[in-house]
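Quick note, the sequences are listed as chains W and X, same order. 10 is the number of the first residue of the first sequence in our numbering; add one for each residue after it. 717 is the number of the first residue of the second sequence in our numbering; add one for each residue after it.
The reader is advised that the hints may include incorrect statements.
[Unchecked claim] Okay, the calculated bits of chain X under chain W, using three or more residues with CB under 8 Å as the criterion: (1) 787-795; (2) 1067-1074.
[Stated by the list, open to error] These stretches of chain W come out as covered by chain X in the derived footprint (C-beta under 8 Å, 3 or more residues): (3) 106-119; (4) 259-269; (5) 395-404; (6) 408-414; (7) 421-431.
Worth flagging that the hints you see were computed from the coordinates, not collected in a lab. Glycine included, C-beta positions come from ideal geometry on N, C-alpha and C.
What follows is the residue order along each chain.
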Amino acid sequence: MKSKWRISLTAAVAVVGLLAPVTVSAANAAPVEIPLWTHNGGNAAELADVNLVVKDFNASQSKYKVVVKAFPQINYNDAIVASAAANRLPCILDTDAPVVPSWVYAGYLSPLTVDKKITDKLQTSVKGIYGGKLYSAGFYDAAIALLARKSTIKEAGLRTPTTAKPWTLAEFNDALAKAKASGKFDYALSLGTGWDGEWYPYGFSPLLQSFGGDLINRKTLKTAEGSLNGTAGLAWGKWFQNLFTSGLAPKKETADQRDNGFIAGKMAYQWNGSWAAASAAKALGDDFIALPPPNLGTKAYIGGGSWQWAVSSTCANKAGANAWLQFALQTKYLVKFADDLFNLPITAEATKASKVFGPGSKYSDFATYSATFALIRPATPAYPVIAKIYETATKDIINGADVQKTLDSAVDQIDKNLKDNYYYVKKK
Amino acid sequence: MVVGKTAATPQPTQSTNFERRREVIFKIKKQNAAKRAENKTAKWLAAPGLILIGIFTILPISLALTLGFTNAQLLSPTNPDFTGLGNFKTLLGVSVVTLKAEKNNDGSCVKDDSGEIAYEPLRPLTRDDSPRKDLRGKSEFKRLFANEKECSIKVIVAGDPVFWRSLTNTFFFALIVVPVQAGLALILALLVNQRLKGRNFFRTVYFIPTLSSMVVISMLWRFMYQQDGLINKSISSFMPGYAPIDWLGNPKTAMPAIIGLSIWQAVGYHMIIWLGGLQTIPAELYEAVRMDGANKWHEFRHVTVPGLRHTFVFILITITIAALGLFVQINVLTQGGPLDSTSTLVFQSFTRGYQRQEIGYGSAISFVFFVLVLVIALIQRSMTKRLDQ
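Take these sequences, add in the hints, and give me the full structure.
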């Protein structure tokens, strides 16, 4: 039955295909092709959803035809930069959230003209705003939580933290110390040190921010002095370093420790993203719990911003590109991106409709954490440089370097880069 | 008319002379033409090579030099500014500063909570408003000797301490790798040059690592170097009390670990080159010394070693250049860490120029690297020239 259906469907498509040119030429308006590039060439599930949105969009109107080209994530940024240099950017492209200001500064992107009523509904963390203008919008976000076992918390006699009242620094330290003292685990905490690159600022700068520090002075965006190396930064650095020197967390996790350490019961807690929750929940069953991030001083934070969509400055059909984006931001697609791919829905309506993250559902905590604690990485074109410098500094701190000197040196390097680039203000 | 006619007709002797000369000239012309044609062919034959060298060597080097004098940034919408020697000043600038500590009444130096002498902080001296202009923008590279009597310490500050660390790491790597790899390769070559059963098998085994990609090899060695990896497990099976070392995570062992895997990967290649050298030594020479009653050592010392002079020069220079260009292992395994202990010049140039987008500065680093390699290669060449004749 099914195959018969498919055959007749194919036949129908073929017939429509044959007829289409006739009707179009009759209307005297062939659809304009709008190229779209995406980073998920290696992610079949996500690419399928992107393709679905494109297919629906192309079918919904006859003016534009979006054409998808997928790249492997590892080469994607290079492809964009190279094609920008050759002046051959596609119309629609996806970008990693913190890179958006840098690409705006480089002149790659043009502001979105999607209906404000639609973009207003989006969670702040998925909007790429620079210089007061909206340049990118995401279909989903991710959230970090402290993955744990209910039994660990119960046996240690700890209070279960809530969104309204997360663990304090003292409570968090106590929990880690008790986990280590129990002798049941190789390490009390897995911090994901087995990853390199963007995980460092994404995963660890929220801890710094929770202490009251930051990667850069967010108000002026002109110096990191006092933000990264001030009292709060120093407190973060010393606390963070102590996690490793006192053996609570491994300095450099092996791939196995990172991916399976918590699930296999070798680590008591894991600081990890929503993407890891499904496998943890599957392995731990009802014992699994995703705790809110701890409040280490001022407020609890997690990183915000995942992959987002933008329109290039050289796009010949910006109206068409924006029309596609507006079409894609419909609740039904946002729910699909969330539920199919285990990403967080980013509007109130989509969250309500989500089976995976909706109220009362199994992973609703993540959606709450994302909406409550997410802080985007500083919106400055210097971000890619700051991220690299912060990564090196954090690795040095993990490896036992003098905290104050390391942070001072990082600040000097960041400030020098800002100065060398005239604070990323375009010269007239 | 008649007069004119006779005048126009040359005398016989003159005529032959003239013709002979013409012939000679014609011959020379012909030769010249052949030579020119040959030259033309030579130029055509050299052209592809010259064009490729031009595009992929000379052009990038001159671009690097030009960019090195600017503050060019990747992804920047604004045109780079010419900054003169600015990048090179930052890169190579070094100063020494003396920091002081307060004295207690008994003449001893004031210590901080951790029991260390509490020297005045360096940072106020290196900020942009520092009273000492030569220290501005610099940071600490190394603390030298402390003067307990005066309660002072000398500190070397540099515009880019990581560059100096990378430079020392690179030289340390080359200093170990060049002799060890060349020596080990020679020993292997001597071993597999004997008339052993299955010597082709051994040759192949030693050569296999060279054929694999360095990235793949680095990934495999990462697993072997892990705390619960093959190397630690094997050591602890011999020594029960052994505490596993995190080879790549410890600043003291990271570089030696990289050296180990680098030698393992490349030794087979140089073994093959030594082997080629060994096989050019005529067997008669060995027979002759044997008849003179030489033992194995004499054979090696007076026949093998002199016979390998040319190979030695080639191997020395190629290993040195390859060692100074250390990058892939670092990029895959340690990213220059822990604590800059494995950072190298090429890795720094990549980090600054590409990852941090400071392409002007990265170019300055790579130009300095280019000059260094050139100078070292030239020194080696002039020192080995005598050997090579």
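Quiz item: Counting residues of the stretch 421-431 of chain W that have a beta-carbon nearer than 8 Å to any beta-carbon of chain X, does the count reach 3?
Solution: Coverage by chain X holds for the stretch 421-431 of chain W (6 residues, Cβ < 8 Å).
Quiz item: Within the stretch 395-404 of chain W, is the number of residues with a Cβ closer than 8 Å to a Cβ of chain X three or more?
Solution: With 4 residues close enough to chain X, the hint holds.
Quiz prompt | Verdict on chain X covering the stretch 106-119 of chain W, where coverage means 3 or more residues with a C-beta closer than 8 Å | solution = holds (count 5)
Quiz item: Count the residues of the stretch 787-795 of chain X with a beta-carbon closer than 8 Å to any beta-carbon of chain W: does the count reach three?
Solution: holds (count 7)
Practice problem: State whether the coverage of the stretch 1067-1074 of chain X by chain W holds or is violated, taking the criterion as 3 or more residues with Cβ-Cβ distances under 8 Å. | Solution: holds (count 5)
Quiz prompt | Coverage criterion applied to the stretch 259-269 of chain W (partner chain X; beta-carbon cut 8 Å; 3 residues) | solution = Held - the stretch 259-269 of chain W has 3 residues with a Cβ nearer than 8 Å to chain X, which meets the minimum of three.
Quiz item: According to a criterion of three or more residues whose C-beta lies within less than 8 Å of a C-beta of chain X, is the stretch 408-414 of chain W covered?
Solution: Result for this restraint: holds, n = 4.
Every hint from the earlier list agrees with this structure, and none is contradicted.
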